[in-house]
Structure formats: C-alpha cells, structure tokens
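Trainee: Chains A and B are the protein sequences, given in the same order.
Our numbering puts the first residue of the first sequence at 1, with every later residue one more than the last.
Our numbering puts the first residue of the second sequence at 1, with every later residue one more than the last.
Certain hints may be false.
[Said to hold, decoys possible] Partial selection, computed: residues in chain A whose CB lies under 7 Å from chain B:
#	residue
1	8
2	64
3	99
4	117
5	136
6	140
7	141
8	143
9	144
10	164
[Claimed, not checked] Here are the computed lysine-lysine pairs in the BS3-like style, where the Cα-Cα straight-line distance is at most 27 Å:
#	chain 1	residue 1	chain 2	residue 2
11	B	102	A	90
12	B	27	A	90
13	A	135	A	90
14	B	27	A	27
15	B	27	B	102
Note that these hints are calculated values from the structure, not bench results.
Note that this is a predicted model, so its numbers are computed, not measured.
All C-beta atoms in this analysis are idealised placements derived from N, C-alpha and C, irrespective of residue type, glycine included.
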Amino acid sequence: MTPVQIVFILCAVLILGSALMVVSTRKLIHAALWLIVTLFGVAILYAILEAGFLAVVQVAVYIGAIAILFIFAVMLTRRELRDKSPQLRKNWGAAALLGLLAFAGLAFLVTSQPGVGRTAAAMPDGLDTVQALGKSLVSPQAYLLPFEVVSVLLLAALIGAVYIAFTRKS
Amino acid sequence: MSIPLSWFLILSAALFCIGLFGVLARKNAIAILLGIELMLNAVNINLVAFWRYLDPAQMAGQVFVIIVFAVAAAEVAVGLALIISVYRRRNTVVADEIDMMKW
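Let the sequences and hints guide you as you build the complete structure.
Mentor: Right, dumping it as structure tokens:
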C-alpha cells in the first residue's frame, strides 16, 4: 500500500458513500449538499490523476455553479413532496436490481480486459498539461470547432432556460 | 503513480450505477437530475483516467471532459428551468405527475 493508494481508497469511500446518500436521503436539500461532497471527491481524483486544471474547474463550475443551482431549485420548489411521503418509487427494488446488474456487468467487462492492471507511466518531461490543453482548445488542427460549438450550445441553453423560467405578466 | 487503471474504472462503474439507480428510483424530478449529474461525473473519471494512463501528450481526454462540463451546465440550466416552470403551473415536482404531453 503506497500513500497514493490509501488516498485513492479514502477518496473512493467518500465518493461512493456520499453518492449513496444523494440517491437515498429523504430531504432533497441534503441530497444536494451530499452531491457537493461527491463532486469534491471527484475533484480530488482529478488531482490524483495530475489533471490540476480539471480539478479547479470541477470545484469552480460543478460545485460553484451547478450545485448552487440545484440548491436554489430545491428551495424554489419546496412545498411539494415534503419529508413524509416516500421519496422512492414503488418499484425501487427493480431499479436497485438493475443498478447492481449493470455494475456486475461493467465490473466483469473491465476486469476481463487485458492491460487494466497497468499503472501509469511518469508524466513526460517538460509537458505542461495546462498549456497543452489551452493550445489544443484554440488550435484549428485540434479542437477549436467542438469548443466553439459547445459554447454556442451553452449560450442557446441559457437563453432557452431564461425563456422557459420567465413569468409573463398577463 | 502506483494505482492500477482498473481501480478507477471500477470506481466510475460503481458511481455510474448509483446514478442510474437514482434516476430510475427517485420520484422527485430534481433528484433525477442529481442522478444524471452522478452519471456524468462517472464518465468524466473514466475520460481523465484513460487520458492519464494511455498518452498524456494527447489532450483529447481533457478536452472531452471540458465539453462534458459545458453540456452538463446546459442540461442543468434547461432542466431546472423546466422543473421550476412546471412547478409554477402544476404545483408539482413529481416526475410521474408531469404528463401534460401524454397523448
């Protein structure tokens, strides 16, 4: 057991435990707060994988924007479905079975592939991943077009969200 | 780094299946969106792990994660706007009761 393995295991326990709380806790506001813990654990994983920029973006965008948006939505739709009524559908057992089956299938597939036991090589010398990422996002030979398309998608989605949630005074 | 690749893949499979359970089993539409977020994060873990373990000089994995971030933000913005709009009109957030478009 190396230290990084211990960190990984603690992080995995944090992620899976808080994810189970997200899908099982009765109060929705608590589910949204547990989601923040899950997202933070995933950010730690990115840091373990030496993707520092993504770890920062995970905290800034996911925790800072998306999780806060969830908390606002929970607060704005509070009155319905209070803590007394069941939060799970009647056939949640079938859903749990399907989840377990999917996990068993995925785990079998993953472990039966050759080469999944490999460990990562050291990062190549002189590779600045943030610089390489930035250059590949604005280089026409690399990912300029997908990057621009996704920015247009985000703009369209935000305009659509404003339009949908807008209250008309009539 | 001494962690086998399979650890990351198993962890992300488990996170994906927890999210799948959340999507299938929860009544509340916002909770369903929370489950979708868990699934998207599982996908991102896979992408970053493959980027790191196969060829860190190729940035495709990280670029794809950034695109998934943007798509997740768009999905949450539109989804929550729809839920809030439906809540204003129908006073419900239960996904089963939102059936205005059912023929």
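Trainee: Taking the hints in turn, state whether each one holds.
Mentor: Quick rundown of the hints versus the structure:
no.	hint	result
1	8	5 Å, holds
2	64	11 Å, violated
3	99	4 Å, holds
4	117	5 Å, holds
5	136	4 Å, holds
6	140	14 Å, violated
7	141	12 Å, violated
8	143	5 Å, holds
9	144	10 Å, violated
10	164	4 Å, holds
11	102(B) / 90(A)	21 Å, holds
12	27(B) / 90(A)	9 Å, holds
13	135(A) / 90(A)	51 Å, violated
14	27(B) / 27(A)	12 Å, holds
15	27(B) / 102(B)	18 Å, holds
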